[in-house]
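Line order of the protein sequences matches chains A and B. Here the first sequence stands for residues 19 to 138, where the numbers follow this note's numbering. Here the second sequence stands for residues 12 to 690, where the numbers follow this note's numbering.
I should point out that these hints are in silico values taken from the structure, not numbers from a laboratory. Any given hint could be a false lead.
[Said to hold, decoys possible] Derived lysine-lysine pairs resembling BS3-like cross-links, with alpha carbons at most 30 Å apart:
(1) K134/A - K21/A
(2) K59/A - K17/B
(3) K17/B - K134/A
(4) K112/A - K88/B
(5) K618/B - K376/B
(6) K108/A - K88/B
(7) K112/A - K21/A
(8) K108/A - K62/A
(9) K21/A - K108/A
(10) K376/B - K342/B
(11) K134/A - K108/A
(12) K17/B - K21/A
(13) K59/A - K112/A
(14) K17/B - K108/A
(15) K21/A - K59/A
(16) K62/A - K21/A
(17) K134/A - K112/A
(18) K59/A - K108/A
[What the hints assert, rightly or not] Some chain A residues well away from chain B (every beta-carbon gap over 10 Å; in silico):
(19) G44
(20) L57
(21) L76
We put the beta carbon where it would ideally sit given N, CA and C, even for glycine.
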Amino acid sequence: MAKVILTVDDSASVRQMVRFTLSDAGYTVIEAVDGRDALTKLGKPVHLVITDLNMPNLDGIGLIRSVRAIPACRGIPIVMLTTESQEARKLEGKAAGATGWIVKPFATQQLLAVVKRVLG
Amino acid sequence: MMDNYKQAFQEEARELLAELESALLELDQEREDREIVGRAFRALHTIKGSGAMFGFDDIAGFAHNLETAFDRLRNGKLAVTAELIALTLAAGDQIRAMLDEAAGLGAVDRSRSEGILAELRRLTGSPEPQPDMAAAPPAARDVSPGGPACDWRIRFRPGPNVLINGTNPLLLLRELRDLGGLRIDLDASAIPSLGELDAERCYLAWDMVLTTAAAAESIRDIFIFVEDDCELTIERVRAPAVDALAPPAMAGGRTVSDGRGADPASSIRVSAERLDQLVNLVGELVTVQARLSEVAGRRDDADVLEISEAVDRLTAALRENSMSIRMLPLKTTFDRFRRLVHDLGIELHKDVELTVEGADTELDKTVIDRLNDPLVHLIRNSMDHGIETPEARRAAGKRPTGTIHLSARHSGANVLVRVSDDGRGLDAEAVRARAVEQGLIDGDARLAEAEIFALIFEPGFSTAREVTEVSGRGVGMDIVRRSVEGLRGSIDIASRPGAGLTITLRLPLTLAIIDGLLVRVGDAHFVLPLANSLECVELTRQEIADAHGKHIANVRGELIPYIRLREYFQMDTARPEREQIMVVETEHGHYGFVVDQVLGDHQTVIKNLGRLYRNVQVVSGATILGNGTVALILDPHRLVQNAVQSMSRKKRSTGWSEGADRQGPQRTTLLVQKGKQNR
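The following block holds chain B by itself, in its conformation from the complex (with noise of 0.2 Å):
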């Protein structure tokens, strides 16, 4: 490849070398123009970059001292004369020797080219042949990790232009983040009101926390074309981390610091029950705060409600502040399923390579310790139904070492865990036999796939044709499912059948605080979660009339299946001419909540609803108001999984009747007894 190159370098310098004769020449009978000179410099610097960026250091270093000289003749600092334009002519056929001798034909006499760049010093008055930086190319940076990971606080705020220049600030945080694991905010507060915004300039500023082995210069090079644009600060928080077998500190002892070590006092121990506690009193905190605020917007008072927005702001930092003391990287969960895998693979027969990917993403602490039991589940079932033994690997031309592989990602306030395997994967029609068999469904029921591989979370399912000693009981996937479900989360599974199946944990990062949209129904308030809210309209009287009493609103061409929390509760407060309907976003597609009318956001701390109703699924806890009256936090999908079970129950059975499957709250105090009995 490289010798393509040379030879269209070749022809291309021999081509560069005729011109710039031909621009020497002219330049003799016309020694004040300019152009020719740039003709003839332009010529002079082709060779010198072309020819260095080929290895033909010798003709770039050689045209530099030229293309120096035609710098400033360009620039008017020194005189055309018919001795300088001899000279270079005789310097354009050195160069050609040059080529010649490169090629292969002849060779080249240094000494001449050393009398010509001293002859041309003598005419120029430039004392010494100037060193050509551009003769040898500079060495790739080296970005070798610096040595163990530490944190970096970066804020970058780019430049107004940036976007006009054509740099997409994204692509260097995706940089950053390759470098490490990369937790950012962003400051949009400079976004100016939509009448003074100009769509071409960017606004917006990021704060960032790397974690990363990498020196502080590979960070700053991904900058390194907008640093001079732009509000750059690079800084190191943490020094890093210090090394679990190195001796600890003695208590009291003197430790040596040569100014670059650990600080000894960057972290301590802290009981998990001290940082609940401290969690609840914060939460606590913002239930009061939130009724502060609400009684000094209605005293028209300053001086209150300045105390009161101060509160505000300390008790928003506090909260977060608490609970990213709670944050814990799903590291040691990751790390203790290498040895389940590796056990199990011996008791299995089983090759099996366990690969992590993102265990660095946080989560809340007790998100954390719940996650464990169902991580276990499904890595079992992984090794024990889904990769197969080595021998069945090779005939189906697999690699006889199966792979699990673990991930977590950040996906908004959400973390995805994934558990995949290339084993055999789930066989829908497989599933539905075996439904069928254990009489789960009927044998004429119609499911979609993604309806067919839930039932394998159905209480006392089993694929596996025998009972093992790993799984295979019939209990497991439900638990699972109970576990992801208690934390708030979801589960989705894909299957490619021979190659593979991943199931995906979709949590909550954390419990103890919910992002939600306040609604009102009659004189009730609900909250919804904000992460699956996608859109607030209007459901006016016209249009519940277009829909002929079917409960689908037309949102923007979709059409939209709706819930009516008024009718749902069971509230016989009286409906008001416009309703609100708040469109979500459900596995089971869009849906709509009508309520009388949305309030706001409303961030809040989430208390339980205690041991009495734990029974009551649609309700996943509940919040205190400014007022102090009580919401209830409504758990959108269970919502929407009670009203498709009850429709789909409605068309199977017909001995289904109205308000049978409703929960409301007389439906509650019968789920409350039913749990009584259960215990």
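One chain only, chain A, in its complex shape (with noise of 0.2 Å):
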């Protein structure tokens, strides 16, 4: 069985790109368009989130904060797209329980070797 992988940006480029990426490197891959959209994706099994940080509703440290407490889904990776301007925002993040990070802008390449190690 393929992994499932959530994306979460508000950005439809930027999946666009995890989406076809990921789906190329075998993984199947949802898409939610922020934090709230993504809480309800969760209900299927999915093994990897990537969400980006700055998003309406509820934003990606939200989003972790949120996947962390709920106890049917709170050792799912989740990996969040950062810039290097966002370091206290990655900090944040990492407190609020991310498993690790990619900052963008990034290669696919970079994105495939992200989520080899974290998914194995």
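Each of the two chains sits in its own frame; use the hints to bring them together as a complex.
Spelled out as structure tokens, the structure:
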């Protein structure tokens, strides 16, 4: 069974890039446009969440906190997408329980390397 | 593919610009509304982030400056003014023009961008345009080898929340292993009692030694996501091995050290004999130590007890240390086979390539020494019988060059050494027919595939149609079996007819020490290897009665045949009310051994029984217990094998009589006499 990865980003082009890259590598990719949308997608098994930090409704940090508080989901790896200028946000995300991060902009190989590191 | 992304970005960026515009217009009405500022900020942020990702660096850089201004607005560090709104609207138009240019529609007036940014600086009071770190994608980290291989000692204790935070520490260990040879010791000492255990917390730590040519950064990089929340030390323990071709430092001569070179005293040569002596002495020490703890335990003297415990710890450390000195990598052995394969290839007119994996796996020197001959036999056999001639291979649709793959890896207390080839494999029917022809089995014997393959290890068996120079004289495989069994190992054959053969040797790491379970039958003690032991359950009289005289026990729904050691060794002591059954994994499946009592773990130094008893197969050695008595170390594989053989012989022949196939103390004398006659 292919592993399921949920990409959470309000940018459709980033979601598309993540989806194309990871589905080519054999993963099943589902999408959510923000944190609130992402929480509704976690009813089904998800093996990895890749989330942007700045999003309307529920941002990335809020999403990480929410997932870590749901007993059935709390161990799901969550990788955040950050930028160099967001060092403080990155630390906040780590404190909230993020598994790892990718600094934007990133190349497809970097994305694949991080996914492989976290999912095995 | 990239064009696809660019197209998607074009569309998205235009939507975001529209969103920015409407937010700005609303903001003009409602200047204190942070919510609206947030919308504008996110639009700019996304344009910047995605722009940088899909190669729109000029847009990303431009948007970055605007984003910074809006971040300050958002945090209340700057007030919303009509001028700022007007400027940002103009900036949005400029971004749109940049998008048009990228899509091939018109050109952008760069000076206008500069003007807008200069105006922005004036309004926000920021001194200089901030360099946009995000605009340039960071170069992929170089993980190329950083020079010759070194040893790194790594201690890793992840934070207690590591599992909740979605990190699987095992994946990190696996990544480390991909960098080179890795020895891992688990530190489970922090696991609390069951009542205090929180199943979601991680209590484990690992001490590892990594041998790799990779640079320190590549090692640290693996832990990048967890390094802030874990205990992690990475230190180099051994300088790179001195290049064999480099001139050795002259004795007494002065060596110039630049502070980075190898430590000249990093290794010394010691004769193997002296090492053996050391191990023997340590063995004696372990025995004496066992007596000491027993005596100390009986005396109610805190001081003696304390000393005994200290000696216990030291002995354990000493034993482990002296054992590790004897460990050698298989590399030298494996390397020798390259020449063998090369020479045999010429002799047999076959084109064969040898690939090697896990050559850095370490094994006791004695095991390695005695492994050479069986491996030579297996490789010869693969070359001669397995791999076809280049013509035959081409005809079968294979690569004309055959491959022999040698691999070694750890598996618990064992090392698995594998010889596989991509030759024609073993044909079970042909083996069977040949065995019948040679009188090894009856024509109507019903055998499972594994049993048929086992026949090739029978003395005198050969499938080769004609005797060749290399092999096929009917000697060889039985020698392999005898050597491997002499090493307390076992052999497994897997054949893919037409596609190749894989022979796996399972060998103990060391011959000198065994981790065992001490059991008692009457007043006799035995040790069973822990590596094969699965579990221990009680066997009550009721259960025995339920089985109607069959030696079968029901262990958690699995029917397990058992051997009662008291009967096997024909001991006449009385059977206790409750016996214990030790379930052991053998090549014949799960078997039980019924004993009076399981006394517990017993790590022990193996003493050979001496030449007199070398034909006693079911006993692999002996050990001296703390109270000075001797316990025999049993070989469960052989015990079961003997039982299975005597069972099938019982079925096959009519001349079978009770006790004739048993090996007990009485039987032992018989065997010894036989052994003498053979000599």
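Here is what the structure says about each hint:
1. In summary, the hint linking K134/A to K21/A is supported, as the alpha carbons are separated by about 11 Å, within the 30 Å threshold.
2. Simply put, K59/A and K17/B have alpha-carbon atoms about 28 Å apart, close enough for the 30 Å limit, and the pair holds.
3. Restraint check: the Cα-Cα separation between K17/B and K134/A comes to about 26 Å, which is no more than 30 Å; the hinted pair holds.
4. A hinted pair counts as satisfied when its Cα atoms are at most 30 Å apart, and K112/A with K88/B qualifies at roughly 26 Å.
5. Simply put, K618/B and K376/B have alpha-carbon atoms about 17 Å apart, close enough for the 30 Å limit, and the pair holds.
6. Simply put, K108/A and K88/B have alpha-carbon atoms about 22 Å apart, close enough for the 30 Å limit, and the pair holds.
7. Among the hinted pairs, K112/A with K21/A is consistent with the structure: their alpha-carbon atoms are about 24 Å apart, no more than 30 Å.
8. For the proposed pair K108/A and K62/A, the alpha carbon gap of about 27 Å is at most 30 Å, so the pair holds.
9. In summary, the hint linking K21/A to K108/A is supported, as the alpha carbons are separated by about 26 Å, within the 30 Å threshold.
10. Using a Cα cut-off of 30 Å, the hinted pair K376/B and K342/B holds, with the two alpha carbons roughly 12 Å apart.
11. Simply put, K134/A and K108/A have alpha-carbon atoms about 21 Å apart, close enough for the 30 Å limit, and the pair holds.
12. Between K17/B and K21/A the CA atoms are separated by roughly 28 Å; this keeps the pair inside 30 Å, and the hint holds.
13. At most 30 Å may separate the alpha-carbon atoms for a hinted pair to count; K59/A and K112/A meet this at roughly 22 Å.
14. Distance check on the hinted pair: K17/B and K108/A sit about 27 Å apart at the alpha-carbon level, within 30 Å; holds.
15. For the given pair, K21/A sits about 15 Å from K59/A by alpha-carbon distance, which is consistent with the 30 Å threshold.
16. Distance restraint check for K62/A and K21/A: the Cα-Cα separation of roughly 12 Å lies within the 30 Å cut-off, and the hinted pair is therefore satisfied.
17. For the hint linking K134/A to K112/A, the alpha-carbon distance of about 19 Å falls within 30 Å, and the restraint holds.
18. A C-alpha spacing of about 24 Å is found between K59/A and K108/A, which places the hinted pair at or below 30 Å, so the restraint holds.
19. Listed as a non-interface residue, G44/A keeps its Cβ farther than 10 Å from every Cβ of chain B; the least gap is roughly 17 Å.
20. With 10 Å as the threshold on Cβ separation, the claim that L57/A sits away from chain B holds: the shortest Cβ distance comes to roughly 16 Å.
21. No Cβ of chain B approaches the Cβ of L76/A within 10 Å, the least distance being about 13 Å, so the stated non-interface status holds.
The structure shown violates none of the earlier numbered hints.
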